[in-house]
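Participant: Each chain, written out:
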Amino acid sequence: MASALLLLSVCAVILAGLLNFFRAPLLRPLAQLSPRVRIRWIVGLMLTPLATGAAVVTLALGHCVMHHVMGTVEDCAVGGAVECAFCLFNPSPVSAVTSAFAAVVGLGVMYRLSLIGLGFLHARRARQRLSAVALCGPDGVWHVPGVRAFVIGWPSPVVCVGEKLVQRLDPDAVRAVTAHEQGHQERGDLLLRALGRALAMTHFAPVGAQLLASLDLAIEQACDEHASSTVRDPLIVADALILAARLQNEEEGSSPQDTSHALAARIEALCAEPNGGQLPAWTRWTARALVASAGLGVLLSHHIHQLVDQTIHWIHS
Amino acid sequence: MEVPILGELETAVLEYLWDHGTSDAKVVHSALGVAREITLSTIQSTLERLHRKQLLIRERVCHAYRYAAACTRAEFRAHAMASVAGDLHGADSAGVMAAFVDLVARADRRKLDELADLVAVARARRKTGAA
Chain A
334 MASALLLLSV
344 CAVILAGLLN
354 FFRAPLLRPL
364 AQLSPRVRIR
374 WIVGLMLTPL
384 ATGAAVVTLA
394 LGHCVMHHVM
404 GTVEDCAVGG
414 AVECAFCLFN
424 PSPVSAVTSA
434 FAAVVGLGVM
444 YRLSLIGLGF
454 LHARRARQRL
464 SAVALCGPDG
474 VWHVPGVRAF
484 VIGWPSPVVC
494 VGEKLVQRLD
504 PDAVRAVTAH
514 EQGHQERGDL
524 LLRALGRALA
534 MTHFAPVGAQ
544 LLASLDLAIE
554 QACDEHASST
564 VRDPLIVADA
574 LILAARLQNE
584 EEGSSPQDTS
594 HALAARIEAL
604 CAEPNGGQLP
614 AWTRWTARAL
624 VASAGLGVLL
634 SHHIHQLVDQ
644 TIHWIHS
Chain B
1397 MEVPILGELE
1407 TAVLEYLWDH
1417 GTSDAKVVHS
1427 ALGVAREITL
1437 STIQSTLERL
1447 HRKQLLIRER
1457 VCHAYRYAAA
1467 CTRAEFRAHA
1477 MASVAGDLHG
1487 ADSAGVMAAF
1497 VDLVARADRR
1507 KLDELADLVA
1517 VARARRKTGA
1527 A
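From first to last, the protein sequence lines are chains A and B. Under our numbering, the first residue of the first sequence carries the number 334, and numbering increases by one thereafter. Under our numbering, the first residue of the second sequence carries the number 1397, and numbering increases by one thereafter.
Treat the hints with caution; some may be incorrect.
[Unchecked claim] Restraint-style ranges between C-beta atoms, simulated for each label pair:
no., chain 1, residue 1, chain 2, residue 2, range
1, B, 1448, A, 440, 35 to 45 angstroms
2, B, 1403, A, 519, 40 to 50 angstroms
3, B, 1453, A, 437, 47 to 57 angstroms
4, B, 1459, A, 501, 45 to 55 angstroms
5, A, 519, B, 1513, 50 to 60 angstroms
6, A, 489, B, 1444, 30 to 40 angstroms
7, A, 370, B, 1516, 27 to 37 angstroms
8, A, 454, B, 1521, 39 to 49 angstroms
The hints are simulated quantities; they were obtained by calculation from the structure and are not laboratory data. For glycine and all other residues, C-beta sits at the position ideal for the given N, C-alpha and C.
Using the sequences and the hints, build the whole thing.
Facilitator: Listed below in C-alpha cells is the structure:
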C-alpha cells in the first residue's frame, strides 16, 4: 500500500516537473492541431494533476476506510510507521504533515474557486446593467454603446456588439464578428473557460498560466474558424480583428507594452494555409512508449512493490 | 457617475420620459401602467426611486411633482457602459466572458500595421493562386 502511494506520488511530482520544465516543447506540437482537437488535448493535460491527486487520495483514504469496514482500525498505520500518508485513525508525523499540506492546498483552491464564483456575479451584474441600455436586434444580439463585441453570462450567455464597431465595419465583417461571438454561445465556451481557470490552479503557476493561455487561444481560434466558415473568407475575420483592435486603442488608449500575442497568433492562423492538423511522429511514439511503460509497470508491479519496500526499510534502518 | 441597476419598470419609465419629456405620475401611469395593470401608486413609487437614484429631476407643480430625466439617453448609455467596465473585467478574469478582441490586450500601431500587411499579402497570394 505504502509503496503504491509512494510510487504514484513520485510519478505525480515527476510529471509536474516535466510539464514545468518542458512546457514549451510539449505544447508546441499541439499548435499544429486544429483548434477543436487542441482544446481536448489541453483540457486533458490540465486534468492530469487532478486525476493523479484524486488517485493518491482515493488510495490513501480507501486504505483507512477498508480498515474501518473490516473492523481492524488498530492495524491501520500502526506505531507511526510510514504506512499511509493520510492515516485517519493512527496519524503519524508524516500523515500530519501531508494532511496539513493538503489543507493549505485546499484553502488555496477554495480561494481561487471563490474568485471564479465572484466572476459569475460580476457577469450577472454586467448583464443587468447592459439590459437597460442595449437595443435587442432581431437575431437576439444586443447592440450596446462602445466598440467592444463580447459574449457574457452563464447559463444564458448573451452576445453584445458595440454600436461604434458596427458603424465602422462593413456588413460582412459585422456578420463575421457576430458569428464569432455566437460560436462562443453555441459551444458553451464560457463554462469551458471558467473550468480552465479552476484546473489551472492545480498546476505550478507558470505551467497553469501557459496552459490557460493556450486554452483561451484555442477557443478563440475555434470561433474564428466558425466565423470564417460563415462569411466564407478568413481574411474578413482577420480584417475585422485588426479594425476592432485599432478602435479599442483609439477609445481606451494604447499600452506602452505590446500584450497582443494572442491577437497576432489568431491573425497569422487566419492568413495561413490550412494544414493536415496532425501531431508530429515523435509525439505519437512518445505516447506509445508511455502507455507501454505503464503496462510494463502493471506486469512488474510485484517486483516494483518489493523494491520500494526494501528502499523504505533501508531508509528506516 | 455610477449607473445603478434598473428593473424592467424603471427602465420603461425612464425610456418614456426620454421620449416624451417632462411628465407627472398620472400621465406616465396612463401610458405605461394601464397596459401592465399596475396602480398609480406603483408608478409613483417607481418615479420616487428613480429620483432617489438621481436619474430624474422633479419640480412641484400645484400638488403634484413633474418628473424629467436628469441626463439624456446618450449620456445615460455612456455612463452605463463606463459602470459596466469593472464588471466586464471581473467576468473576464473568471472566464465568464469572451471578447472578440481581448479586454486587456493592446497592440501598438506598428504591430497592427504589420498584421494588416500580413493580411494584404495573404489576400494577394490567394488572388494569384485563384488566377
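Participant: Against the structure shown, which of the earlier numbered hints fail to hold, in ascending order?
Facilitator: 2 and 5
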